[in-house]
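Colleague: Once you have looked at the hints, place chain B on chain A.
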Amino acid sequence: MQTVLLIDDDVELVEMLKEYIEQENFDVQVAHDGLAGAQMLLEQTFDIVVLDVMMPKLNGIETLKAIRQRSNVPVIMLTAKGDNTDRIVGLELGADDYVPKPSSPRELVARIRAILRRVQPIETSNVSVKITVGALCIWPAQRLVEWDEQSVVLTSTEYSLLEILAKNAGQIVSKQDLSQQALGRPLARFDRSIDVHMSSIRHKLGLLTDGRHCIQTVFRSGYQLLKS
Amino acid sequence: MGRLYWKFFIFFFLAQLTSVIGVGIAVSIMHEREEVQREHEVQMQTQGKAFSQLALSKPFKPKHKRWFPLMPILVGAFASFIFAAILAWYFSKPIKQLRQAFASAANGNLNVRVGEFMGSRRDELVDLGNAFDVMAVRLSALLQSQTRLLHQVSHELRSPLARLQIAVGLARQQPDKLESSLTRIERESIRMDDLVGELLALSRLESGVIKLDKERVNLNELLTTIIEDARFEGEVRKITIDYMPQAEKSEMLLSLLGQPDLLHRAIDNVVRNALKYSASQSRVSIIACVENELIKIEVNDQGAGVPESELDIIFQAFFRGSNTSQTDGHGVGLAIAKQIIEAHDGTITASNVSTGGLSVVINLPIT
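So the sequences go chain by chain: A and B. With the numbering used here as the guide, the letters of the first sequence map in order to residues 490 to 717. With the numbering used here as the guide, the letters of the second sequence map in order to residues -6 to 360.
So that you can see chain A by itself, here it is in the shape it has in the complex (with noise of 0.2 Å):
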């Protein structure tokens, strides 16, 4: 069973999200502030976190930044609704989604589920196989990155996001397809989560000989990942 860590201060709030998620077949546990969330992760391995963003002591931005210090643990946060700021900061800390506070709890598990899904190692049978663009290569099975022979850290999402634009390499990809593939849902309007992924992809993959990122974005198509 795939195990989930929850951390959110309201104790009530998160003693009915636990036994909804437990009754779609989740292990569950709960911590009620950031810090004991961050010394559970310490403690045990989990599949994914759902972390709160408004939280008293260690808020939800600052627990992430000390989660992702360690670990690369799947991140969904809840957010406020319409609070674009804490969504951007959390999507450039590495979160990898983010779920709106007042939503149904429907929402949440089929976000929880979608990230797992594609988390999960692809069982192929030739572990060795991998796709190569220029100095970028990638092991599916193992969802490895090699930048200039220098292995990348990547979260989740963003290694899903690479993965997709690295099997069209060459081609333009949308960013409703990128979202679809990657996030599991269609991309909301005026929706800048893929846009954040993209650019700490960027960040963390060098440059091309020439000096340009090897990911391009083509205005109002989507995102292209250079061959050369």
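If you are wondering where the hints come from, they were derived from the structure by calculation, not from laboratory data. Heads up, a few of these hints could be off.
[Stated by the list, open to error] DEER-style ranges, computed between Cβ atoms: (1) A:596 x B:168: 18 to 26 Å; (2) B:168 x A:657: 18 to 26 Å; (3) B:-3 x A:708: 51 to 59 Å; (4) A:618 x B:300: 37 to 45 Å; (5) A:602 x B:148: 25 to 33 Å; (6) A:559 x B:304: 33 to 41 Å; (7) B:148 x A:609: 14 to 22 Å; (8) B:304 x A:602: 43 to 51 Å; (9) B:147 x A:546: 15 to 23 Å; (10) B:148 x A:557: 24 to 32 Å; (11) B:205 x A:684: 53 to 61 Å; (12) A:621 x B:172: 32 to 40 Å; (13) A:602 x B:233: 45 to 53 Å; (14) A:633 x B:190: 53 to 61 Å.
[Claimed, not checked] A partial selection of chain B residues facing chain A, derived with a Cβ cut-off under 10 Å: (15) 147; (16) 163; (17) 167; (18) 285.
All C-beta atoms in this analysis are idealised placements derived from N, C-alpha and C, irrespective of residue type, glycine included.
Modeller: Frame of chain A; chain B shown alone:
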């Protein structure tokens, strides 16, 4: 240059010009008089020396041409022209600055300050500028606190909404447990209703719309009912409530003019707050007495207390102590209590007890 400048300028210039011309005329009249007098003296002299040669050699011709100091008047007019221009500028400049400051404040920019442009001037115009600055600072603080409040209100309303959504989700997921989900939904909606009610009460109190409907209130009776309720509530968690009314002649002393339901609410909020942050099997003590002509009600708990730096702000709406994990309640209770007590000209303060716990003291004047 604005209209005011030209008005000032014309008034000053005309005033000075009038005075210059007036002085000129006065001088000219005086001059004429002197002349007449001298003529008279000369006549007297000529009469005395009637046959003197002097009179013949220098025959006196009375001057009838009026002497007028044209040159000094022209110079004066020119000087007053310049002086009026400077004076008009001196008066109209700060007013112009004030007007610009008001205009930008009206456009929502409350960060404008006038005082620094006034330099070393000291007069009523500078006072006006300083008053504007004070007003701008106050307004912007008020606006900020209102924005903060709105932000917190939306957050506070969202928490029960989020729970409501999950309760609905649970009801859908497990139709067999519908009853418990419905209970939860009901509880959340009641909670939201309470919150909205408290917010309304707080905003009415803060805006000063509520007019106190004063009557004589017997605080002893009021305290007794509050404490009975609190004891009933505390029983579940085995919290003891000590109430020490002043022994002698208390019945007479603990009464004042006020609105009973508001006072009940204020004291009840403080007592409930103490209960909420008390561990089970602990003690809440309430002392009521008269001290320095003030009615003093002290509520002490044995909870965790509040960090010293937060003692002043616990009476602000939606403040929650950083050392607590309590999420029940809305954080409006103490804010309401403060507003009510202040409406009765009293004070409410909080301090930490050395043995642990928080002590809230209400002082009310005897009226």
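Colleague: Does the structure break any of the earlier hints, and which numbers would those be?
Modeller: 2, 4, 7, 12, 18
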